[in-house]
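Trainee: Sequence:
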Amino acid sequence: MTEKIFQEYKLNSELTLTNRIVMAPLTRCFADEKLVPTQQMVDYYARRADVGLIVSEATIIDPIAQGYPNTPGIFSKAQVKGWRKVTKAVHERGGKMFCQLWHCGRTAHSYYSGKQPVAPSA
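Numbers 1 to 122, taken from our numbering, label the letters of the sequence shown in order.
Derived from the structure by calculation, the hints contain no laboratory data.
Do not rely on the hints blindly, as some may be mistaken.
[Said to hold, decoys possible] Here are the simulated distance ranges between beta carbons: (1) Glu3 with Ser110: 50 to 58 Å; (2) Gln39 with Lys77: 15 to 23 Å; (3) Arg84 with Gln116: 25 to 33 Å; (4) Gln116 with Lys4: 23 to 31 Å; (5) Ile61 with Glu33: 14 to 22 Å.
[Said to hold, decoys possible] Below, a list of computed lysine to aspartate or glutamate pairs in the DMTMM-like style, where the Cα atoms sit at most 20 Å apart: (6) Lys77 with Asp32; (7) Lys85 with Asp32; (8) Lys96 with Asp50; (9) Lys88 with Asp43; (10) Lys85 with Asp50; (11) Lys77 with Asp62; (12) Lys115 with Asp62; (13) Lys96 with Glu8; (14) Lys85 with Glu33; (15) Lys81 with Glu33; (16) Lys10 with Asp50; (17) Lys88 with Asp50; (18) Lys96 with Asp62; (19) Lys81 with Asp32; (20) Lys88 with Glu14; (21) Lys81 with Glu92; (22) Lys34 with Asp62; (23) Lys77 with Glu33.
Backbone N, C-alpha and C fix where the C-beta goes; we use that ideal spot for every residue, glycine too.
Can you build the whole structure from these sequences, using the hints too?
Mentor: Structure below.
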C-alpha cells in the first residue's frame, strides 16, 4: 500500500508530479528587509525538491498585507526576481512548486507598511 506514495501523479493535463508527497507551506521568515527571497531560501527549497510538490511559505501580495517580519513578498520586481531564483533551483532538481499567496487581513500590522491594514473582518 505504501508504494503508491512514490508513484507519479498526474495533477492535470500539464502537470505530473514525480510522487504523491506534498510539502505543506512553512513560513521561515528568511526573506530580506525588502521581502525579497534570499539565497537561504533558494537553498532551503532546493534541498526539498525531491517531494512531488512544494507549496511555498506564505507570500505577501501587497505591502499592506504584511503581519510578520521577513516574510517574502511577490508584489515587486525584485521579489519576483528572487522567487525566480528559488523556482529555478527547484526545477533544476526536478521539483514542482506552487506559491501560497497571502494577505494577513486584520492581523496585518501598520508597523510594516505605515498604512492602516484593510480586511473584510477588520
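Trainee: Straight-line Cα separation of Lys85 and Glu33 no greater than 20 Å?
Mentor: Answer holds: Lys85 to Glu33 is near 18 Å, not above 20 Å.
Trainee: Take a look at whether the Cβ-Cβ distance between Glu3 and Ser110 falls inside 50 to 58 Å.
Mentor: Given range 50 to 58 Å: holds, Cβ gap about 52 Å.
Trainee: Can you confirm whether the C-alpha distance between Lys88 and Glu14 stays at or below 20 Å?
Mentor: Roughly 18 Å between the alpha carbons, so the hint for Lys88 and Glu14 holds.
Trainee: Check the hint pairing Lys96 with Asp50 against an upper bound of 20 Å on the C-alpha distance.
Mentor: holds (9 Å)
Trainee: Does Lys77 pair with Glu33 here, judged by a C-alpha cut-off of 20 Å?
Mentor: Distance ~15 Å between Lys77 and Glu33 Cα, so the pair holds.
Trainee: Does the alpha-carbon distance linking Lys96 and Glu8 stay inside the 20 Å limit?
Mentor: Status holds; Cα separation ~12 Å.
Trainee: Just to be careful, I want the Cα atoms of Lys96 and Asp62 compared with a cutoff of 20 Å; is the pair within it?
Mentor: Violated - the C-alpha atoms of Asp62 and Lys96 are around 25 Å apart, more than 20 Å.
Trainee: When you check the alpha-carbon spacing of Lys85 and Asp50, does it fall within 20 Å?
Mentor: holds (17 Å)
Trainee: If you draw a straight line from the CA of Lys115 to the CA of Asp62, is it 20 Å or shorter?
Mentor: holds (12 Å)
Trainee: Keeping to a limit of 20 Å between CA atoms, is the pair of Lys81 and Glu92 held or broken?
Mentor: Between Lys81 and Glu92 the Cα gap is close to 16 Å, so the pair holds against 20 Å.
Trainee: Would you check the hint for Lys81 and Glu33, treating anything up to 20 Å between C-alpha atoms as holding?
Mentor: Holds - the C-alpha atoms of Glu33 and Lys81 are around 15 Å apart, at most 20 Å.
Trainee: Check whether the Cα positions of Lys77 and Asp32 lie no farther apart than 20 Å.
Mentor: holds (14 Å)
In the structure shown, a violation is registered for the earlier hints numbered 4 and 18, in ascending order.
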